[in-house]
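Peer 1: Start from chain A and add chain B according to the hints.
Chains as they are written, first to last, in the UniProt record's numbering: chain A, 1 to 307; chain B, 1 to 271.
Because the hints were derived from the structure by calculation, they are not lab data. No residue lacks a Cβ here, since even glycine has one placed at the ideal position from N, Cα and C. Each hint should be verified, as a subset may be incorrect.
Claimed, not checked - The calculated SDA-like cross-link candidates involving lysine to any residue, where the alpha carbons are at most 20 Å apart (straight line), are: (1) K266/B to L213/A; (2) K212/B to G200/B; (3) K266/B to E160/A.
Claimed, not checked - If you want the ones that stay clear, here's a sample from chain B, every Cβ over 10 Å from chain A, calculated: (4) M16; (5) I22; (6) T31; (7) V40; (8) T88; (9) L91; (10) W97; (11) A137.
Claimed, not checked - If you want a taste of the chain A side facing chain B, the calculated C-beta under 8 Å gives, among others: (12) V53; (13) G54; (14) P75; (15) A79; (16) A83; (17) Y91; (18) Q98; (19) H102; (20) Q147; (21) I281.
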Amino acid sequence: MSQAPVVSLQNVSKRIGGRTIIDRLTLEVNPGEVFGFLGPNGSGKTTTIRMMVGLITMSGGDISIAGHSVKTSFPQAIARVGAIVENPEMYKYLTGYQNLIHFGRMNPGITKARIDEVVALVGLQDRIHDKVKKYSLGMRQRLGVAQAILHRPALLILDEPTNGLDPAGIRELRDYLRKLSREEGTAVFVSSHLLSEMELMCDRVAIIQKGELIDIRSLRAESAGAAAGLEEVLFEVDRPSEAVTVLEGRGSARFAEGGFSVTADRETIADMNARLVAAGIRVYGIRVKIKSLEDQFLEVTGGETIG
Amino acid sequence: MRPLASFWNLVQNENMKIYRRISTWIMLGITVVIPLLFTVAFALLAEDNNANNWEAMMLESQILFLLITIFAVVKSSETVAGEFSRGTIKLLLIRPWSRSSILLSKFISIVLFALLFTVVSFVVTWLANVIAFGYTANPANLISEQSPLAGSSPWAYALRYYLDEFITLIVVVTFGFMLSSAFRSSGLAIGLSLFLLFSGSMISGLLSLTDKAWVKYVLFPHLGLSTYVNGGTPVPDHPTTYAFSLGVLAAYFIIFNVISWTVFTKRDVSA
Numbered sequence: 001m002s003q004a005p006v007v008s009l010q011n012v013s014k015r016i017g018g019r020t021i022i023d024r025l026t027l028e029v030n031p032g033e034v035f036g037f038l039g040p041n042g043s044g045k046t047t048t049i050r051m052m053v054g055l056i057t058m059s060g061g062d063i064s065i066a067g068h069s070v071k072t073s074f075p076q077a078i079a080r081v082g083a084i085v086e087n088p089e090m091y092k093y094l095t096g097y098q099n100l101i102h103f104g105r106m107n108p109g110i111t112k113a114r115i116d117e118v119v120a121l122v123g124l125q126d127r128i129h130d131k132v133k134k135y136s137l138g139m140r141q142r143l144g145v146a147q148a149i150l151h152r153p154a155l156l157i158l159d160e161p162t163n164g165l166d167p168a169g170i171r172e173l174r175d176y177l178r179k180l181s182r183e184e185g186t187a188v189f190v191s192s193h194l195l196s197e198m199e200l201m202c203d204r205v206a207i208i209q210k211g212e213l214i215d216i217r218s219l220r221a222e223s224a225g226a227a228a229g230l231e232e233v234l235f236e237v238d239r240p241s242e243a244v245t246v247l248e249g250r251g252s253a254r255f256a257e258g259g260f261s262v263t264a265d266r267e268t269i270a271d272m273n274a275r276l277v278a279a280g281i282r283v284y285g286i287r288v289k290i291k292s293l294e295d296q297f298l299e300v301t302g303g304e305t306i307g
Numbered sequence: 001m002r003p004l005a006s007f008w009n010l011v012q013n014e015n016m017k018i019y020r021r022i023s024t025w026i027m028l029g030i031t032v033v034i035p036l037l038f039t040v041a042f043a044l045l046a047e048d049n050n051a052n053n054w055e056a057m058m059l060e061s062q063i064l065f066l067l068i069t070i071f072a073v074v075k076s077s078e079t080v081a082g083e084f085s086r087g088t089i090k091l092l093l094i095r096p097w098s099r100s101s102i103l104l105s106k107f108i109s110i111v112l113f114a115l116l117f118t119v120v121s122f123v124v125t126w127l128a129n130v131i132a133f134g135y136t137a138n139p140a141n142l143i144s145e146q147s148p149l150a151g152s153s154p155w156a157y158a159l160r161y162y163l164d165e166f167i168t169l170i171v172v173v174t175f176g177f178m179l180s181s182a183f184r185s186s187g188l189a190i191g192l193s194l195f196l197l198f199s200g201s202m203i204s205g206l207l208s209l210t211d212k213a214w215v216k217y218v219l220f221p222h223l224g225l226s227t228y229v230n231g232g233t234p235v236p237d238h239p240t241t242y243a244f245s246l247g248v249l250a251a252y253f254i255i256f257n258v259i260s261w262t263v264f265t266k267r268d269v270s271a
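The shape of chain A in the complex, shown without the other chains:
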C-alpha cells in the first residue's frame, strides 16, 4: 500500500497532573484497512481515541487525519471522521430518524436519500421512527454506526463496537465493516477487548499497555507464514511421560494438559504417531495448536488480564 495514511499519530502524549497516560504513541492507519487497537483496561485506548476526535487535547505530538492536523485545523480533520466513542449515546426523546437528521445537518451535503440508504444498510427500517428510548442496546449500536457513516467518512473510529450486540449482530457488523473497507476504501479503527473478534475483523492490530505502544502486527501475514513452516502440535495420550521417552531425540517435547506438545513438520508428526502406537501408547488425538491473538496478546502484555 503506497497511499498516504488516513490517520497518523506522531509521538502523541497525554499527561494529566504529572501522570503520563499516553506516552509518545506513533502509528499509522492506511486507507481500506481495518486496524485493531488492543490493550488491557486502563491502558489508554479510549484516551487515544478521544485525542483523535479532539474531545481532549494532546500534551505532546500531533495527530493528522487525511492530511489535516487535529490540533490546528480541527474542522477539516474531523470532517473526514465518523466515530462512536464508548457507548452510542443518542437523544432518547427523539426518534432514530430525528437523531440522524440532527447529525446529518452538521455535515454538508447529506440528503434524505442518503439517510434512508444508511438506515437500510444498518437494518433499522422498521424501527427508525420509534423513539430511541424504546431501542435495545443492539439497535442503539446500529443507530450509532448509522450516524458515524452518514457523511461517508474516510476514517471510521469505533470504540468497543461489539458491546451489546448478539452473535448475529456481531457477524453482521464484521461483514459490514469489511465491506466498507473493501468497497469504499474506508479505514476502520476499532478498539476492543474481545480478542477473538479482533482476530476475525482486523488486518493489523496495535497493542498498547500503560499508554505505551508495545507492538503492531499484521494478522493476515502471520497465518500465511505459519502454513509453510513448523507447527506446534498437541498429542493427547494416556501416558505422557512414557510417550516422551519413546520419542526421545525426536524434537523437544513438552508436557501439556492431557499429553504433551511438540513443534515439528507434518511428516515428522505422522512418524511420531506411528512410533507411539507401536509402543502401545494410546493416542486419543493430535491437534495443531493455533496461536490465537489472545495467546499473542498475553505474551506481549506479560499475561495481564484483559477486561
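Peer 2: Below, chain B without anything else, positioned relative to chain A:
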C-alpha cells in the same frame, strides 16, 4: 467559515431538541393557562367593574415573568449540562464545527426560547384581559406620576416593562448557561440561578446597610430593572440611572459569556 445558512442548521438542531420535548409544551401550556385563570378570577371577583385590561395584564405579567424565568433557566441549565449527562456531547463535538459555534447555537436557541415565551405571555395577557374587561385607551392608575413615562400611552408602558423584564431574563439565563457549561450539572446550574433570582431583593436589602460605593456594581439589585418604569431605582440609598443599570447588566452578561466560552472550548471532554 461556512455560510450563515449552515450555521442556522446548528440552531435548528438545538430548537429540535427543545421543542421535541414534552416538558417544553407543558411549560408553554402553563404560560397560557395561568393568565387565563387569573383573568377569570379577576372578572368574577371585581365587583363594581373598576378593573381595566391594562392593570390586570401587568399584574399577570409580573407573575408570568417569574415563571418564564424559571422555565428558561431550566432549559438553559439543561442545554449544555444535559449533553454531558447523556453522553451525547461526544457525538456533538466530533463534527466539522468549532466548539464556539456549537455553544453559540445553544445560546441562540435559549434566547429564542425566552423570546417566544415573552411574546406568548404578552399576547395572552393582552388578549385575555381585553376580552374580559374591554379595551381602555387611557387607564387612570396604570402609570404613576414619578414614572418617566407619565402621560404616555399604556402601550409604551407595557412594552417598556416587557423589554426591561426580558433584558433581566436574558442575564439570569446567561448566568444559568454559564453554570451549566462550567459545572456540567444541570441541577446545580438551575439551583444557583434560581437562588440568584429569588435572593436578589434580600441581598439588595443587606447591601443597603453599607454605604460603600461598590454596592452599585453588584448584580443583584439591577435585576430589578423594571423599577425604573415606576419611577424608582433598584439600589436602595444609591441613586442610579437606567443607563447605568443597563451598563452593569451588560458587563455581567459579557463576563458570564466569556466564562462559558472559555470553559466550554478549553476543557477536556472525558465524561
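Peer 1: If a hint holds in the structure, say so; if it doesn't, say that too.
Peer 2: Status of each hint after checking the structure:
This hinted pair does not check out: K266/B and L213/A have alpha carbons roughly 28 Å apart, beyond 20 Å. Taken as a hint, the K212/B and G200/B pair is honoured in the structure, with Cα atoms around 18 Å apart against an allowance of 20 Å. For a cut-off of 20 Å, the pair hint linking K266/B to E160/A is broken: about 27 Å separates their Cα positions. Not every CB of chain A is more than 10 Å from the CB of M16/B (nearest about 6 Å), against its label as outside the interface.
I22/B, annotated as away from the interface, has a beta carbon of chain A within 10 Å; the closest lies near 8 Å. Here T31/B stays apart from chain A, with its beta-carbon at least about 21 Å from theirs, past the 10 Å limit. Under the 10 Å C-beta cut-off, the non-interface status given to V40/B relative to chain A holds; the minimum distance is some 34 Å. The non-interface label for T88/B is inconsistent with chain A: the shortest C-beta to C-beta separation is roughly 5 Å, within 10 Å.
Distance to chain A contradicts L91/B as a non-interface residue, since its nearest Cβ pair spans about 7 Å, not more than 10 Å. Not every CB of chain A lies more than 10 Å from the CB of W97/B, the least distance being 6 Å, so the non-interface label is violated. For A137/B, the shortest C-beta to C-beta distance to chain A comes to about 47 Å, beyond the 10 Å cut-off, and the non-interface label holds. Hint status for V53/A: holds, given a least beta-carbon distance of 4 Å to chain B, under 8 Å.
For G54/A, the shortest C-beta to C-beta distance to chain B is roughly 7 Å, which falls under 8 Å, so the interface hint holds. For P75/A, the interface hint holds, since its Cβ comes within 8 Å of a Cβ in chain B; the closest pair sits about 4 Å apart. With a least beta-carbon distance of about 4 Å to chain B, the hint placing A79/A at the interface is held under the 8 Å criterion. About 5 Å separates the beta-carbon of A83/A from the nearest beta-carbon of chain B, less than 8 Å, and the hint is met.
A distance limit of 8 Å between C-beta atoms decides the matter here; for Y91/A the minimum to chain B is near 6 Å, and the interface restraint holds. Because the smallest distance between the Cβ of Q98/A and any Cβ of chain B comes to about 7 Å, under 8 Å, the interface hint for this residue holds. Annotation: H102/A was flagged as interfacial toward chain B, and the flag holds, the nearest CB pair being 5 Å apart, inside 8 Å. Evaluation of the Q147/A hint against chain B yields a held restraint, the C-beta minimum of about 7 Å falling below 8 Å.
Because the smallest distance between the Cβ of I281/A and any Cβ of chain B comes to about 60 Å, over 8 Å, the interface hint for this residue is violated.
Violated hints for the displayed structure, listed by number in ascending order: 1, 3, 4, 5, 8, 9, 10 and 21.
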